[in-house]
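Sequence lines, in order, name chains A and B.
For the record, in the first sequence the residue sitting at position 202 is 202 according to the working numbering, with numbers rising by one throughout.
For the record, in the second sequence the residue sitting at position 154 is 154 according to the working numbering, with numbers rising by one throughout.
Errors might be hidden in some of the hints.
[As the list claims (entries may be wrong)] Looking from chain A toward chain B, a few residues come up when the C-beta cut is under 10 Å (computed):
1) L242
2) P278
3) L286
For the record, the hints were derived by calculation from the structure and aren't laboratory data.
Just so it is clear, CB atoms sit at the ideal spot from N, CA and C, and this is done for glycine as well.
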Amino acid sequence: MIVIDLILRLAFWLLLAPLLPGIINKVKAWVAGRRGPPVLQLYYDLAKLWRRGVVLSNLASPAFIAGPAIGWMALTLAAMLMPLGPAGSALSFRGDVLLLIYLLALARFCTAWAAMETGSAFEGMGAAREVSYAVLAEAAIIAAVLSLSVQTGSVSLATMLSPSAGAGAVLLAAGLFVVLLAENCRVPFDDPNTHLELTMIHEAMVLDHSGPPLAAILHGASIKLLLFSALLVQAVFPMGDLEPLAAAGTLAAGVLLVTLAVGLVESLLARLAFRHVPLLLTTAFLLCLFALLVAWKGGAQ
Amino acid sequence: MSGTLNLLIGLAMGLNLLALGSSRLPSLIRAMSVQGMVLGLMPVLMEYDSLNWQVLAVTLATMVGKGVLIPNLLRRAMRAANIEREIQPFIGFIPSLLLGAGGTIAAMALARHLPLLPEHSGMLLVPGAIASVLTGFILLIGRAKAISQVCGYLILENGIYLFGLLLIHSTPLLVESGILLDITVGVFVIGIIVDRIQRAFDSLDTRKLTTLRE
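Please build the complete structure, drawing on both the sequences and the hints.
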């Protein structure tokens, strides 16, 4: 029974995740008045990449392949920790939220590590940028998690995400949305479509990857996007108070709404200049910090 | 009622941070004026039970003065001086944002230990006032352009006004309208001075005002 449950969950996360970038691209195409790539484009890309061979640099150690693989596994494990509305999570224990944060950090470390394996200057630059922005984004997400934890008096994701975030929900939603954009390398932090190496962050790190490792990186990125959308929606909406069916519907509608919002932001905003990125991330951190303050004050009264 | 007031003060605190983080002068002026209007609305909400024409007149004068008149004077001075943004502040935007946030949290913590009247203890009036005053100080100290410093001064005044609302039952509204008149005239004069500084020094950077010229 547990095995079937686990397989179903894995299938859900792995099969559904590549849909989100497709929806984002469809929204962007729709706003620009184009027909755009099909919604399932990322599935075709992944299938194509999986059949391709790998081009290996002579300098690269086995970590060049292991990095994307470990990163992908870390993200999948993190997805197993994330509760899905009424279905709960595959794995739930006290303090699992800390493991979630560390798994996300591990995935980032592995991508950056593999990026530097080839010794390419661009990839080193991309890794440096990714990691330096992650410092601020991680501070914001830790503040957000702390505010949820103070609100509910628990350190387990399932109990933390089941009530609404209370009075600070708007602050938390805004902060987490900015973190979602930053962590998933979307506009205004990074442009997933860019081909100019000097302005790239995440894309610069994966330039030298090809074939199945690149497929693992792309698939991992889409899992991460779904993970953050699910976290944002469940942190804001009171999932525990709804009927199971209504909760599942809210979760699906919320994730779709977040995806549409990402697509709209990407269509309507330009990428920020690099020196302005820390300002926006600091703002996200402060939003989450004030959500923490509201939770703390609210809890004290 | 207290919930609406707290929401408005929370909005004003958010506008403080917006003012600290924005490098463009128009958005700084907008944050300042929206904050003035939000706070101008508060006497009506606080005196909702015993509303008279004096309270309404002062509220209207505050909202028009801080929301329309002063921002327009500042925008005119900005256009005349031909500057759009703060390029090199003394305290950068991220440090000032963090300072402002730290100040806001400290104000919240401090207000819990102040001996307030029971009717004020559940409200954000005192933390909001202290946070606005601190924001005003940071802008006054940390910005180099004269217009940003004026905005800092006005945010400081908003904080003092918020503090004055604690005494709304005992201060005559004449005092409040006198202060409003003073700052309007003050900004009017500063608008003229900014124009003069611009003509004499070709810049609004207050760092250059330390040297005397013929």
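Evaluation of the provided hints:
With a least beta-carbon distance of about 25 Å to chain B, the hint placing L242/A at the interface is violated under the 10 Å criterion. Taken as an interface hint, P278/A checks out: its beta carbon lies about 6 Å from the nearest beta carbon of chain B, inside 10 Å. For L286/A, the shortest C-beta to C-beta distance to chain B is roughly 5 Å, which falls under 10 Å, so the interface hint holds.
Violated hint: 1 only; the structure is consistent with all others.
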